[in-house]
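> Chains as they are written, first to last, in the working numbering: chain E, 1 to 184; chain U, 1 to 184; chain B, 1 to 184.
Derived by calculation from the structure, the hints in this document are not laboratory data.
Bear in mind that the values here come from a model prediction, so they are computed numbers and not experimental data.
Some hints could be false.
[Unchecked claim] Once the Cα atoms are required to be at most 25 Å apart in a straight line, the calculated SDA-like pairs of lysine to any residue come out as:
{"#": "1", "chain 1": "U", "residue 1": "Lys47", "chain 2": "B", "residue 2": "Arg149"}
{"#": "2", "chain 1": "U", "residue 1": "Lys47", "chain 2": "B", "residue 2": "Gln148"}
{"#": "3", "chain 1": "E", "residue 1": "Lys47", "chain 2": "U", "residue 2": "Arg101"}
{"#": "4", "chain 1": "U", "residue 1": "Lys47", "chain 2": "B", "residue 2": "Gly94"}
{"#": "5", "chain 1": "U", "residue 1": "Lys47", "chain 2": "B", "residue 2": "Lys71"}
Residues per chain are reported as follows:
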Amino acid sequence: MGHVLVLGGARSGKTGFAERLAMRAGEQPLYLATAQALDAEMRERVKLHQQQRHKRFATLEEPIALTTALKAAAKSHDVILVDCLTLWITNLLGTNHDVARAVEELATALPTIETSRVILVSNEVGLGIVPDNPLARTFRDLAGATHQRLAQICTDVHFVVAGLPMTLKGERLTESSVLPPVAD
Amino acid sequence: MGHVLVLGGARSGKTGFAERLAMRAGEQPLYLATAQALDAEMRERVKLHQQQRHKRFATLEEPIALTTALKAAAKSHDVILVDCLTLWITNLLGTNHDVARAVEELATALPTIETSRVILVSNEVGLGIVPDNPLARTFRDLAGATHQRLAQICTDVHFVVAGLPMTLKGERLTESSVLPPVAD
Amino acid sequence: MGHVLVLGGARSGKTGFAERLAMRAGEQPLYLATAQALDAEMRERVKLHQQQRHKRFATLEEPIALTTALKAAAKSHDVILVDCLTLWITNLLGTNHDVARAVEELATALPTIETSRVILVSNEVGLGIVPDNPLARTFRDLAGATHQRLAQICTDVHFVVAGLPMTLKGERLTESSVLPPVAD
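Hey, can you work out the whole structure from these sequences and the hints?
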């Protein structure tokens, strides 16, 4: 089963688009969050997002061991939405993990996940001025390299602007092919 | 009549593209500027831009009350080019207006404007590294949410890079369908 | 012979894409680098990039006099990959050259280069928040204006995200039309 990469900027509607894709793709979707609800404010935001998602979604938080979590979740979910890779990279950097190696593990594992469709959401961050901050430059390079690597593995890649997809690879989606509300 | 959203980066040629769209779409186009000519330097820039536009354009400045100005202008102009939404959001933030509410008023009013085609130009600002500055993050979130909301309302959405459109929604435009010079 | 403009963000895969285009377009490709190997670290990086390129590429460094170098190189190479325009603009700014004039010279010379296909690679930098730094704003404006001007001259313009092209002008390329490995 082909996997999907959904790229987009901040507040581009990429997560909403990926949720609609996931609802269309499977009956038992899992929302795999790489964000951690570490404080009250964050717990509130996570809770709000959870309420906005269709009730068919189950939710799991995994900030670091993404590949392991994906393999396990594939046993019980036919579609898994990972939101998002850039936050995962941030978490890996913050805990001194080898990002390139973790991404390679993910890229190697994805083709072996055949019973679930994995939808990876990530922030495109490389289209502004070169940041002054060296850590920001490192992060930007890692995010770009990660997107290139996973775009090779995925069968479908979409770039979302203003909530609307541009298809870079795979089946060309238009607003009308994705937007229709999903019956309960 | 369907309305149009034109997104693009800084110096992407989005305004020039929108001007050519407007010339094609109507006989009495209005250029509705959200910028204010507050000082001599700005007045000089505005004057220069005005001279570069086709003489068929009338010009109006409205930094805040955009929806009211649009409704009034629709009585006398068959096409109205709004340049640009991001500057309007900046003006609203600077005067402590409720941006989300103002955007919702605009989104509600647009479908009732049936005698004019409205072409909205806006800066895409969400594809770089997360800004350090909290106000810049707020602005970026508001711009992204505004684009998503208005992309739902508009019948045509284009993303302009290097002066060339990628059509996200509606009639697919190519360079050749838009670029031909308009007779006087 | 039509020339090509390849735009993309940091680590978007734009250079790799342009190298594959160049391998397809000619037998004696030249890699014309605008970067200078001024110190040991930079020499190491340039050497590494050189090793990763197909051995069919010859290499030339020219940080400033790009148009003169292109005209001369066109006599002996059927395809010339310029990597990249944004670094060239940085070099021109750093040596107090008139960037707009240098770009106009390039735009005027390109149509006269008929025996080689020129593939210009450049960074799209205008899709983030307005930079605080005035020099960064100037650079961003110059890069955007340069892309617009050269997009008019080139027959093909591509915008690369995650290693995959979106065609803005000319022959629509898909991953499969470009990615196949080139025989030695």
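> Would you mind confirming whether the straight-line C-alpha gap from Lys47 (chain U) to Gly94 (chain B) stays at or under 25 Å?
Violated, because 31 Å separates the two Cα atoms, which is more than 25 Å.
> Are Lys47 (chain U) and Arg149 (chain B) close enough, with their CA atoms no more than 25 Å apart?
holds (23 Å)
> Would the pair Lys47 (chain E) and Arg101 (chain U) pass a check requiring their Cα atoms to be no farther apart than 25 Å?
holds (24 Å)
> Holds or violated: Lys47 (chain U) and Gln148 (chain B), Cα atoms, limit 25 Å.
holds (22 Å)
> Is it true that the CA of Lys47 (chain U) sits at most 25 Å from the CA of Lys71 (chain B)?
Measuring from Cα to Cα gives roughly 39 Å; hence the hint is violated.
Checked against the numbered hints above, the structure violates hints 4, 5; every other hint is satisfied.
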